[in-house]
Amino acid sequence: MIRPETVPWIVRHLWMIPVLPAAAAGVSAVLKKSQRKLSAGLAIGSMGIAFVLALMAFAQALAQPVVRVNNFPWMQFGDQWIVLGWLLDPLAAVMLVMVTFVGLLIFIYSLGYMAHDDNRGRFFCFLSLFAGAMLGVVIANSLLLLFMCWEVVGLTSYLLIGFWFHRPAAAAAAKKAFITTRVGDLGLLIGMVWLYSQAGTLLFYNQGTGCLEQGAIAAMGAHVAMGGMAVSTAMGLLIFCGAVGKSGQVPLHVWLPDAMEGPTPVSALIHAATMVAAGVYLVARVYPLMTASALEVVAWVGAITALFAACIAVAQNDIKRILAYSTVSQLGYMMLGLGVGGVAVGMFHLITHAFFKALLFLGAGSVIHGCTEEQDIRNMGGLRRFMPVTFAAYTAGMLALCGFPLFAGFWSKDAILDAAHGWGVSRGPFYLGAAGALLTAFYMTRQMYYVFFGPQRVNDATVSAAAVARHAIPAEAIEPVVSPRPGEVCIITDPHESPAVMTGPLVILAIFAVLLGFVGWPAWPWFQNFLAGKTATFDWGGFSEPGLLSVMMTSTVIVFAGLLLGWWFYGRKAITRANEPDALERLQPGIFRALADRLYVDEIYGVTVIALTRFLAGFASWLDRWIFGGLVRLVAWLAVGVGWMDLGLDRFVVNGGFDEGCREVARGGRLLSHLHNGRVQNYLRVLAAALVVLTVLLLWGHRG
Amino acid sequence: MITLLTLFPLVGGLVVLALAASRDLARVMAVVFATGSLVLAGLSWYSLNPTHPGMQFEEWHAWAPSLGIWYHVGVDGLGVLMLVLSAMVVLMSLAASWRNEKQGGVYFALVLFLEAGLFGTFTALNFIHWFVYWELSLIPAFFMVRLWGGKGRAKAAAQFFLYTMVGSVALLLAFLALFQATSTAGHPGTFDFVELAQLAQSGGLSTALAQNLHWFGSSEHTAMLLFWAAFLGFAVKTAVVPFHTWLPSTYAEASSETTMLLTGAMSKMGVYGFLRVLLPIFPHQMQQAMKPLLWMAVATIVLPAFAAWAQKDLKRTFAYSSINHLGYCVLGVCVAAQLTGSDVGLAQEKAAALTGVLLQMFSHGLTAAALFWLIALLERRSGGLRGIDDFGGLRKIVPVFSGMMGIAIFASLGLPGLNGFPAEFLIFKGAFPLAPWASSISVLGLLMTAVFLLTVIQKVFSGPVNPKWEAMPDLTVTERLALAPVLLVMLLLGLYPQLITGMVHSTVTQWVLSMSAGIKL
Amino acid sequence: MTPLAGCLLVSALLFSIGLAGALTRRNAILVLAGIELMLNAGNLNFIAFWRFGPHPEYLTGMMFVIFSIAVAAAEAAVGLALILAIYRHAHTSDVSEITEMKG
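Going down the list, the sequences are from chains A, B and C. Just so you know, the numbering used here puts 51 at position 51 of the first sequence, and the rest follows in order with no gaps. All you need for the numbering used here is the position in the second sequence, starting with 1, plus 704. All you need for the numbering used here is the position in the third sequence, starting with 1, plus 1225.
These are calculated hints, taken from the structure and not from any lab test. Think of the CB as a built atom: it goes at the ideal place given N, C-alpha and C, for glycine as much as any other residue. Worth double-checking, as some hints may not be accurate.
Partial pick of chain B residues on the chain A-facing surface, computed with a CB cut under 7 Å [as the list claims (entries may be wrong)]:
id, residue
1, T1059
2, G1097
3, A1154
4, T1205
Straight-line Cα separation of at most 20 Å, SDA-like style, residue types lysine to any residue; simulated pairs [as the list claims (entries may be wrong)]:
id, chain 1, residue 1, chain 2, residue 2
5, B, K995, B, M928
6, A, K33, B, I1101
7, B, K1100, B, V1181
8, A, K37, A, L638
9, A, K33, B, R1184
10, B, K859, A, L638
11, B, K1100, A, V30
12, B, K1100, A, Q35
Excised from the complex, chain A in its bound form (with noise of 0.2 Å):
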């Protein structure tokens, strides 16, 4: 360990930035429901003391941009310990700013999209909670530390998910998002364990023996494991299993759409800022561990992921499912930076989708909540008379998410796909993720245009699925065509803007998404250069890196492409009726319908895994009931039958003959009292006969 004094005061407290929201929750979870106030108060005020010294940590790592850890031992087996330990380097900085300040402006936004639920205060518990756990998670130096606050993390989301516990489908999305979720975790689990016993420590960094360092890296790269596989290879793959099921990539994506059943904040930072980013921070805090052929795998996962879930979003109705597609293709986006580029490509992303997508997600919320609870975008429509700030702000965020130039997502998102164009392996990723940026466009105009333009429909409004789901409305009462919505559905009667505390952050997170781009852009990396701890020139020939300005020219010419084919199908005419088919509904209606059936992925796992499981849980139990049961009652039975047999051998066998033997033995005595008559003299006859009979026998026998 490294001599206190040696170390900035920061990096020896920096366990106060996760441990401080922990502390608040705890607090706030044995606080009574009359004390909301209190709890929301703890939450924020601790998140923004996390955020101060979040800066700090940042100072620090801008001032010396190496890796700094504090490491402690934690438990003992036998005579060896587990260390535990947390780190400050560039990218858990980077991190901490970006959670910590998002984390406080979607705290404060829960102020007011919260205030009129009556257990806000439990809400804010679980909130700081997560948000303890995911510092956590970013500032630990053991994979083992960054697993146990991973699984918290992934208890919050679970618990924040299901939230409004009353409604069936919420609970059954959070049991979906937490098994899900822990399929891939239990790949991690394996991997951590494997990468234990080949590194002898969990440790990132510890003075060149931690499992990111040197020495281990080269003694693990030299065994082989079955198929060839180095066994390096086999334990960033099981590594990245847990990064698949928390960023919800392919093929364990299905939990994230589902999870949009929490609370829009929650949304907003849990499953599109922070959490599932922390499978790509995952994957780019283990980068050294990660072979040339499991960055294979993982620049494919996330190409494929990143169009996958963009097709699904073209054709979904509710604004948060939307963007919770979005946010999985975009996840995908990161994941193929970081296959194909680096840390630097796949976190830049991280960093500004973290921005824009947390500010869709509370647009979004914004939006819901102006509108009493309705969340599907055909019953909205010319909103943005009614919430300007809203719509403002959601116009920055979309065009940063679609990749207009100059915007954030732009900058990140071109050096991807200029990663993936100059990637040796293959070209398909960067088709995949070109086809993706067209249609990332085209979705986010179909909805802005259903949500912010055209006249209000409310009138004939469908009662969309979600709806129904979530009020517990009867099937009978659907009608496919016109139908007055049911009394009890919240029907959007006032749209109005939300109150200052939600716009605030709405605000505040536009301009990052708009300006954020240019701390990374090719005439400035400063963000690229801080990562590797190099300092940034300012220089325009950063552009003139060969086949950048081409690809940058074909992106832009795909997100215009994707806004014009938006604005064909959505905007040229306004959609009038929220019952009219969609646009593209009536050029492909089979296609239509299984994208918005969400390529019945959900059905398939439905009649395949979860069938089989179930099909085992029976067949499991009945082993149990009759096979292991049954052979214990078969050795019952044949005891019991034993035990009669043994009955039937005594009454019949044994006792009979023991009785039968006493009869004759008295029969026999009877017979021979008969000779004892009481004349003597028949005795001595008796006598002289066996006399005589001895002699001749006596005689017989001397006389050979």
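We have chain A already, so just place chains B and C on it with the hints.
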């Protein structure tokens, strides 16, 4: 000191029995004695020297030396851990019974007798009186199931008793054979665990078997037979698949307060036997039988986890969950017996697995007892209903109860920060390098645990409120105060498992050392 | 014929006469007399085997017979007393009528 510890609850049981006519007095005395036992167990925990590897607080008295029977007691890290656990579980169970009017003075006396049996089992080092305690704990348990259980209690109690008895008889025979094998002309054999372990390590035991027992051609086969006989005894008690069928019906039919004792403390007797008897005395046999043992461990982890999902009765669900959790212990013990030669790294993995097993024993005892306690509270409020589909939306009606049960469920699920995780992590950390395939399959158990536990939460606590239970009262202040320390301990152990690992490290180190020492010969 | 054989022959005759008497007579006293005859046949054998045996110088046979005669005398006394007692009890000395000992 240890004799006093074992006598204390026994005396308490007699006192409570004498006062059994008045339930109030009996329960007060029972709690007083249980608290006293916990204090005594805590004292022995406190005064144990954690850096000393061998037995401590040993007592030796001649009993029938010509038959190898000595009164020999003592504890090491394992023993003292189990003492504290059983004292805690007994106190928890008594607290849970506090308001159960059906359980009168006699019940409380039986609980204390059971505690005496447990203490004796975890401290005795000579087979004969260890066996007496082992059986002694079974008798109160039988009556508690038989007299205070549910509808099918008679059958369940009989099955429980007989099944355990079969295992015990096999165990007894194995030890008689060992005694016979170790006796030489003029010297009685030994029943002493420590001596037998030393003999096994030095190779003297297999020589003795070869010289004195000519059952089969080779002493290998004889030793193997003895191993399987002893294994049967412990496997039944631990409920290793396929010797587990008594468990779900017994746990479900016994009253929840009794089940707390059965799962919290008594199921640990089996694992204790694995660690105290099988691992030190039969290490070579375990190595030879590694394949079937690993398969059984995997089956114990995976099958019940699947079966739990198919159950409709909360108590059966948690009973299967209990089997699954002890399966990790079996896996940990089995891999620790792997033949590894002199590889230092793998010896460390063994230490990790064994430490994990010890942590898991303690943490499962605590968690399972807490879960069944909460189920007891739920049953009392629902009038005995405990089907998984009987409830719904309870979180809205009884938030504190749901929160506490949620914590216990997540601890059972192995959530980091609560007590289950360090144990399961260490077991997997140790097991994976030693038995990669078995551990990889066992991971399925972790997944299924999440599936069925979250299903329980979903069906019981979430969803729309079931109007039938709208008036269900939440936990009273007393109940909250009684449960809170348990949950706090769970949290504390999750955050700082060193509390336990620090106590047992030298015991574990010694086990690992003695195993590699045995292999050298 | 050697002197031993002669003696044995006489003794066998004596024994046979005694046996016949004991088996055929009904009067208990006569039965007793027959038994005495058989006893004496035995005594005669003792004497004969001693006298013509390998060590006539030790008086073993003589001693035996003296004891035997003493015992026989005692036996006759006891027997006669028994017969007397039975006669008093059953008013007969006919052995075929005394079946008290019938099992």
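Here is how each hint holds up against the structure:
1. T1059: Where the cut-off is 7 Å and the nearest Cβ of chain A is about 4 Å from B/T1059, the hint holds.
2. G1097: holds (6 Å)
3. A1154: Hint holds; B/A1154 Cβ to chain A Cβ min 5 Å, cut 7 Å.
4. T1205: holds (5 Å)
5. B/K995 to B/M928: The given pair, whose Cα atoms are some 14 Å apart, holds under the 20 Å limit.
6. A/K33 to B/I1101: Between A/K33 and B/I1101 the Cα gap is close to 14 Å, so the pair holds against 20 Å.
7. B/K1100 to B/V1181: holds (18 Å)
8. A/K37 to A/L638: Violated, because 69 Å separates the two Cα atoms, which is more than 20 Å.
9. A/K33 to B/R1184: With Cα atoms ~16 Å apart, A/K33 and B/R1184 stay inside 20 Å; holds.
10. B/K859 to A/L638: Holds: B/K859 and A/L638 sit about 17 Å apart, inside 20 Å.
11. B/K1100 to A/V30: Cα-Cα ~17 Å, so holds.
12. B/K1100 to A/Q35: holds (18 Å)
In summary, the one numbered hint that this structure violates is 8.
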